[in-house]
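Student: Chain order of the listed sequences is A and B. Numbered per the working numbering, the first sequence spans residues 1 to 365. Numbered per the working numbering, the second sequence spans residues 366 to 957.
Hints should not be assumed to be uniformly reliable.
Listed next, the in silico PhoX-like pairs over lysine-lysine satisfying Cα-Cα at most 20 Å (straight line) [to be verified]:
1) B:Lys920 x A:Lys100
2) B:Lys710 x A:Lys29
3) B:Lys946 x A:Lys68
4) A:Lys108 x B:Lys920
5) A:Lys29 x B:Lys914
6) B:Lys746 x B:Lys765
Residues from chain A that face chain B, not an exhaustive set, calculated with beta carbons under 8 Å [stated by the list, open to error]:
7) Arg14
8) Lys81
9) Phe182
Hints listed in this document are in silico derivations from the structure and should not be mistaken for laboratory results. Even for Gly, the Cβ is constructed at its ideal location relative to N, Cα and C.
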Amino acid sequence: MASKKKINIVERIRREAGSVETRVNRGRKPTMKFPVRSLQNVSYQARKGYFEIMGRTKERTLTVNTVKTFAQTLRMMALSKELIETDDIATKREAYYVSKNWGEARFKEQPESDTVMEDVEALFRVNREQLGFIPEEKGGDVAGQLVVIDIDPSTGKKLRIDCTKFGSGAYSIPISVEQLEFETKAKFILVIETAGMFQRLVKHSYWKTANCVLVSMGGVPTRACRRFIRRLADIKKIPVYVFVDGDPYGFMNIYRTLKVGSGNAAHLNEFFCVPQARFLGITPKDIDDYELPTHPLKDVDIKRAKDALKNDPFVLHHKPWQQALKQMIKMGVRAEQQALAKHGLNYVIDEYLPQKIKKTSQFLP
Amino acid sequence: MTKARGSRTGSGAAQTGLFDDVSSTKTSRKTGKTISRKTANTARKASDKAPGPVAGPKPSGGKTAGLQVKKKNRPARFTAGKRKPAKQREISVSEFFAKNRHLLGFDNPSKALLTTVKEAVDNSLDACEEGGILPEIHVHIESLKEDRYRVTVQDNGPGISRKEMPRVFGSLLYGSKFHRLCQSRGQQGIGISAAGMYGQITTGKPVHVVSKEKRKPAHRFAILLDTNTNLPLITKDEEVEWDISHGTMVEIELEASYKGGRHSVDGYLWQVALANPHVTLHYAPPKGGPVNYDRASRKLPAEAKEIKPHPKGVELGQLMKMLKETKYRNLHGFLTHEFSRVSNKVADEVLDGAGLKAQMSPGRAHRDAAEVLYRSIQQAKIMNPPTNCLSPIGEDQLLKSLKSRHEPEFAIAVTRPPSVYRGNPFLIEAALAYGGGAFSSDEPVKLYRLANRVPLMYQKSACCVTKSVIETAWKNYHVPQSRGALPVAPMAILVHIASVWVPFTSESKEALASYPEIQKEIKLALQECGRKLGTYIRRGRRLADAQKKKDYIEKYIPHIGIALQEILGLTDKKRATTESKLRDILERSRKM
Numbered sequence: 001m002a003s004k005k006k007i008n009i010v011e012r013i014r015r016e017a018g019s020v021e022t023r024v025n026r027g028r029k030p031t032m033k034f035p036v037r038s039l040q041n042v043s044y045q046a047r048k049g050y051f052e053i054m055g056r057t058k059e060r061t062l063t064v065n066t067v068k069t070f071a072q073t074l075r076m077m078a079l080s081k082e083l084i085e086t087d088d089i090a091t092k093r094e095a096y097y098v099s100k101n102w103g104e105a106r107f108k109e110q111p112e113s114d115t116v117m118e119d120v121e122a123l124f125r126v127n128r129e130q131l132g133f134i135p136e137e138k139g140g141d142v143a144g145q146l147v148v149i150d151i152d153p154s155t156g157k158k159l160r161i162d163c164t165k166f167g168s169g170a171y172s173i174p175i176s177v178e179q180l181e182f183e184t185k186a187k188f189i190l191v192i193e194t195a196g197m198f199q200r201l202v203k204h205s206y207w208k209t210a211n212c213v214l215v216s217m218g219g220v221p222t223r224a225c226r227r228f229i230r231r232l233a234d235i236k237k238i239p240v241y242v243f244v245d246g247d248p249y250g251f252m253n254i255y256r257t258l259k260v261g262s263g264n265a266a267h268l269n270e271f272f273c274v275p276q277a278r279f280l281g282i283t284p285k286d287i288d289d290y291e292l293p294t295h296p297l298k299d300v301d302i303k304r305a306k307d308a309l310k311n312d313p314f315v316l317h318h319k320p321w322q323q324a325l326k327q328m329i330k331m332g333v334r335a336e337q338q339a340l341a342k343h344g345l346n347y348v349i350d351e352y353l354p355q356k357i358k359k360t361s362q363f364l365p
Numbered sequence: 366m367t368k369a370r371g372s373r374t375g376s377g378a379a380q381t382g383l384f385d386d387v388s389s390t391k392t393s394r395k396t397g398k399t400i401s402r403k404t405a406n407t408a409r410k411a412s413d414k415a416p417g418p419v420a421g422p423k424p425s426g427g428k429t430a431g432l433q434v435k436k437k438n439r440p441a442r443f444t445a446g447k448r449k450p451a452k453q454r455e456i457s458v459s460e461f462f463a464k465n466r467h468l469l470g471f472d473n474p475s476k477a478l479l480t481t482v483k484e485a486v487d488n489s490l491d492a493c494e495e496g497g498i499l500p501e502i503h504v505h506i507e508s509l510k511e512d513r514y515r516v517t518v519q520d521n522g523p524g525i526s527r528k529e530m531p532r533v534f535g536s537l538l539y540g541s542k543f544h545r546l547c548q549s550r551g552q553q554g555i556g557i558s559a560a561g562m563y564g565q566i567t568t569g570k571p572v573h574v575v576s577k578e579k580r581k582p583a584h585r586f587a588i589l590l591d592t593n594t595n596l597p598l599i600t601k602d603e604e605v606e607w608d609i610s611h612g613t614m615v616e617i618e619l620e621a622s623y624k625g626g627r628h629s630v631d632g633y634l635w636q637v638a639l640a641n642p643h644v645t646l647h648y649a650p651p652k653g654g655p656v657n658y659d660r661a662s663r664k665l666p667a668e669a670k671e672i673k674p675h676p677k678g679v680e681l682g683q684l685m686k687m688l689k690e691t692k693y694r695n696l697h698g699f700l701t702h703e704f705s706r707v708s709n710k711v712a713d714e715v716l717d718g719a720g721l722k723a724q725m726s727p728g729r730a731h732r733d734a735a736e737v738l739y740r741s742i743q744q745a746k747i748m749n750p751p752t753n754c755l756s757p758i759g760e761d762q763l764l765k766s767l768k769s770r771h772e773p774e775f776a777i778a779v780t781r782p783p784s785v786y787r788g789n790p791f792l793i794e795a796a797l798a799y800g801g802g803a804f805s806s807d808e809p810v811k812l813y814r815l816a817n818r819v820p821l822m823y824q825k826s827a828c829c830v831t832k833s834v835i836e837t838a839w840k841n842y843h844v845p846q847s848r849g850a851l852p853v854a855p856m857a858i859l860v861h862i863a864s865v866w867v868p869f870t871s872e873s874k875e876a877l878a879s880y881p882e883i884q885k886e887i888k889l890a891l892q893e894c895g896r897k898l899g900t901y902i903r904r905g906r907r908l909a910d911a912q913k914k915k916d917y918i919e920k921y922i923p924h925i926g927i928a929l930q931e932i933l934g935l936t937d938k939k940r941a942t943t944e945s946k947l948r949d950i951l952e953r954s955r956k957m
């Protein structure tokens, strides 16, 4: 199946390049159509539970001003074709370095090459892994009541990984999670923003007392992390609770991306989202209820919150989120997960989480 | 502003002051009486001495002289009658200027040298043009001692008659230009004799003049100026051989210092050549080799016509003087004949407005009548003065001149239609020379200020021209400019004012006074030039952009070829044709 898919993509690359070549040889300006990658081009499908890309595309016609990106896009496509054909992979960083051999068409900084790569990805509406490009960052950490069944790359045999047996460490989510199978009796998955909080919960074996799987995202969740949680939750039909900092970044960039996907990779949101995720905390209400120590909202926080109220289809769909954001803007403060330590280091384990989990119906959507 | 008025109104203002004094004698105190009489006397004597229409003291000169007299005698006033007043004596104009040489531009040795050359060259050029001769002028500056120089200026003008010569060079305020309204370089008849006087004061040597009229023998004079009497003293008068057909040579020895550069004689003559494309100049500086400026054009400037004063440009004092001196026997005739633009109808209106009878004799119009007449003139609607009295350099000539001196990549010249300030017609010309390697692009623009074709060298920041350049919004024309400063660009700006009376801020003719009418015209001319320049700069930028784009295309097209070859497995030949097709497509789109 995999090899058929590969041929398919190589064929699509060839077709795209072919159409460029024919147009040129007919004396016409070649064009490529890319879907617009931004929140403006997604709609929130409440029923499906994720941001779905809308039809809006930008046409990149080869002109004087676009000739550089046009050349870079084509060279990136050529690189991808080569990777697929030789069954090799390149990290985003490596792809950036490969471009250094492209003379004038080289990228100055990696973000430029990442953007072009994402363009190609969106052009073919595939996952970048399918193009032979893999991300640099690791997917996230897992600990708790879970057995992951993977395949040993050297022997090809199945490998059982028991996530309860990492002691004070954790299982690392691999870059590709499609082949994984799971065994679990956990009641829920608790997804945590910071590694620090994850460490505390692992250290005190919270997963044992609460019978759950703990996942650390370490900031905005990677695609692999999102996909891992999604598959686990789908296959085992268990709820997902998200525990992040109480600030607009935690709400929108982390929680919203995990749940419904992003505007940037909208063509992939269908796979890289966790529609069943629910927001455990920290909510603006928590700040009051638990009398948490706070910091004032920064200008960027306020801007982010106001932007979300105005433009984010997810927020526009969910009244409770609008209220939460408005409340936060009005309070003018934010609180981190670790702020709970005010009441004692293990207050979060002994009081906060158990109290919260008793009332899952009050979680924000 | 007031200074300029003083200089313009000339003897008028002075006269007003004097008449005021005379008429106020009735009411003034005992001592005041004698003083004012004395002053009036001085003035009358001075005017008696000067033959023909040449009148008494110079504007500020006369006034200041009067003031000085008063000052000297102030103690006497306080002790009225009790003690004999301190010695009182007349002051001659020459004497006054000998003591106030800075008023004429002799404030320091290097400026003295420049002013001397300037006055001599101005005179030569005026003389040649009046005689309809294409001027060819030799300027020679010799260093005699450390601070002693000899300036020799020779022209090919029509020459000066033997009778006139001593007066021209040996008497201040003797001249043909002060009392007529006609565009010329010199205005007051002070220049060359003042230079001679300065030389005489500093070195004790007379001015040497050789002049030859056509088909007449050449004469050589050595002239000293008697500062007490304002009369020339001839120390030598001989017939000499001179192997040219006509011309004049002036030689003045003076205490001075020579510095090269833009603000010295060098820069001045350079600008003279720029402003007078019909002039050939040979210049031998004290240091370095001779410099020649060949004429860029053989066209003599159009002769400037003389006009009668415009009623609105005449002040009360001058009006009173004119009333007194006119040969017309009634006010109506006086108004219609002594002024320009006064028709019978206008004269009637003015007289009606003043409540004066047309038959009234001008001589009997005393001060009060004159004042009513003056006010009535201000009220009346009078056509602007004729403007055929102005002789612009002309757009073509300016362009020729700028191009031959600077070799700019872009040049533009604009001659504005004539306009009027205070009854004096004037006309503004502006020209720009941009780029071409002659200028630095990170320095302020070079500014050439010209008045009746004479370069203005000093007091740049006090000048109306500089102000107007600064107030023009050069950024609109893609020329960088910081607030309140000259624009910064590889550019020279030339502004010329042609007028029958150029309003200078002082007698040394260094800066233009800021009349709103003049400033407005200068700005309009600059804006017109600026717009053209802006278009040029924009076009240049467009071309540069297009070239940049072309290079840009060249840079990336091969990569599209490589990528297509890699993906599609094209042959090298196929790749080359694809690349060239692509180049064609983009080149075509570039033009659109």
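Student: Could you run down the list of hints and mark each one as holding or not?
Tutor: Outcome of the hint check:
1. This hinted pair checks out: B:Lys920 and A:Lys100 have alpha carbons roughly 15 Å apart, not beyond 20 Å.
2. Our distance criterion of 20 Å between C-alpha atoms is broken by B:Lys710 and A:Lys29, whose separation comes to about 77 Å.
3. Among the hinted pairs, B:Lys946 with A:Lys68 is consistent with the structure: their alpha-carbon atoms are about 17 Å apart, no more than 20 Å.
4. Taken as a hint, the A:Lys108 and B:Lys920 pair is honoured in the structure, with Cα atoms around 15 Å apart against an allowance of 20 Å.
5. A threshold of 20 Å between alpha carbons decides the hint, and for A:Lys29 with B:Lys914 the separation of about 17 Å falls inside it, so the pair holds.
6. Among the hinted pairs, B:Lys746 with B:Lys765 is inconsistent with the structure: their alpha-carbon atoms are about 41 Å apart, more than 20 Å.
7. Among the interface hints, the one on A:Arg14 holds; its C-beta lies about 6 Å from the nearest C-beta in chain B, closer than the 8 Å criterion.
8. A distance limit of 8 Å between C-beta atoms decides the matter here; for A:Lys81 the minimum to chain B is near 6 Å, and the interface restraint holds.
9. Interface hint at A:Phe182: violated, since its Cβ lies 39 Å from the closest Cβ of chain B, which is beyond the 8 Å cut-off.
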